[in-house]
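Can you make the complete structure from the sequences, with help from the hints?
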Amino acid sequence: MYYNGNEQGSNFANAKKVLPIAISIGTQYQHAAGIGYAIKYQKKDEVVFPFIGDGGTSTGDFSEALNFATVWDAPVVFTVQNNQYAISVPVQKQTKSINLAVKSVAYGMKGIKVDGNDFFAMHLAYKEAAQHARSGKGPVLIEALTYRRGAHTTSDDPTKYRTKEEEEKWGLTDPLLRLKRYMDDKGIWKEDEEKLIAEYKKEVDKQFLEAENFGEYPLNEVFDFMYTEMPEDLKRQKAEYEQFLNWKENR
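In this note's numbering, the protein residues as written are 1 to 251.
Hint data in this document are derived by calculation from the structure and do not stem from the laboratory. Among these hints, one or two may not hold up.
Said to hold, decoys possible - Quick list of in silico lysine-lysine cross-link-like pairs, DSS-like style, CA-CA up to 25 Å:
hint : residue 1 : residue 2
1    : 44        : 127
2    : 93        : 160
3    : 169       : 180
4    : 40        : 127
5    : 110       : 127
6    : 44        : 137
7    : 137       : 40
8    : 202       : 190
9    : 16        : 40
10   : 195       : 180
11   : 180       : 127
12   : 190       : 201
13   : 16        : 43
Stated by the list, open to error - Pair by pair, the computed Cβ-Cβ distance ranges are:
hint : residue 1 : residue 2 : range
14   : 16        : 194       : 25 to 35 Å
15   : 137       : 18        : 20 to 30 Å
16   : 180       : 243       : 56 to 66 Å
17   : 90        : 243       : 38 to 48 Å
18   : 63        : 19        : 16 to 26 Å
19   : 38        : 228       : 17 to 27 Å
20   : 162       : 106       : 27 to 37 Å
21   : 98        : 228       : 47 to 57 Å
22   : 244       : 38        : 41 to 51 Å
23   : 248       : 189       : 53 to 63 Å
24   : 71        : 194       : 43 to 53 Å
25   : 228       : 196       : 39 to 49 Å
Cβ coordinates follow ideal geometry from the N, Cα and C atoms, glycine included.
Now the structure itself:
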């Protein structure tokens, strides 16, 4: 629902400590640093986990958040999901650093570079990072190396900026296939797992259909629920919008 433009999609059952998606790239790092500072101030046994893409490391918010969190030893585990491209811009055009994890050195914080397509490596990296942050040793920056398998958006055409060979090479590192192969080798994977996957797919398809048929909210809610008292400029915008609707209906 959220990706259909409906904020109701952010209102899921266990969303108490999951913040809404930040549209402005990089701002979620600032929010996380502030929440981490509050956690430390209130002496809570908690850790914050914000995520950003490789392109987001070029924003000012990225630097400000890492600096603030390190200065105050905020319990935050910052993650950079390095999927090699920010839309069409390759990571090599984002930085001259040998990698993104090394940026942690400049801020005096712990940095970890990990294979983001390796289930067990990721589990170990996050366990170590969470323990580090929770014990009062300060924040951690994790760079998880992965790959964006599909297009960035429906209007994006990856064939214009990357090769089929590159996609096939990264396809061999698919984390789900790697984990399944491991479980097969260890005799852990059972036929029941396949049945579960089929059941989950049905449930996802059902939820997708419900989201598509949810209906639309009246657009005037954008104006009516933005402020407790609507400012004059917003009143003018609403009047213009209503005027446009009248014109549209009567043309």
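Open item on the list: Does the beta carbon distance between residue 137 and residue 18 stay inside 20 to 30 Å, or does it fall outside?
Closed with: Given range 20 to 30 Å: holds, Cβ gap about 25 Å.
Task: Range hint 41 to 51 Å (beta carbons of residue 244 and residue 38) holds or violated - done: 43 Å, holds
TODO: Hint says 47 to 57 Å; check whether the CB-CB distance for residue 98 and residue 228 agrees.
DONE: Taking Cβ atoms as reference, residue 98 and residue 228 lie about 51 Å apart, which means the hint holds.
Task: Given hint residue 160 paired with residue 93 - CA-CA distance at most 25 Å - done: 16 Å, holds
Open item on the list: Just to be sure I understand the hint, the distance between the Cβ atoms of residue 63 and residue 19 should be within 16 to 26 Å; is that true here?
Closed with: Hint holds: Cβ distance 21 Å, inside 16 to 26 Å.
Open item on the list: Given a hint of 56 to 66 Å, does the C-beta separation of residue 180 and residue 243 actually sit inside it?
Closed with: Given about 58 Å between the Cβ atoms, the range holds.
Task: Straight-line alpha-carbon gap residue 40 to residue 127, limit 25 Å - done: The given pair, whose Cα atoms are some 19 Å apart, holds under the 25 Å limit.
- [ ] Compare the distance between the alpha carbons of residue 137 and residue 40 with 25 Å, and conclude whether the hinted pair is satisfied.
- [x] 11 Å, holds
- [ ] Assess, step by step, whether the Cα of residue 202 is no farther than 25 Å from the Cα of residue 190, and give holds or violated.
- [x] 20 Å, holds
Open item on the list: Range first: 53 to 63 Å. Now tell me if the beta carbons of residue 248 and residue 189 are that far apart.
Closed with: Check passed, 57 Å falls within 53 to 63 Å.
Open item on the list: For residue 44 and residue 137, compute the direct alpha-carbon distance and say whether it is at most 25 Å.
Closed with: 15 Å, holds
Task: residue 38 versus residue 228 beta-carbon gap, inside 17 to 27 Å or not - done: 25 Å, holds
Checked against the numbered hints given earlier, the structure satisfies every one of them.
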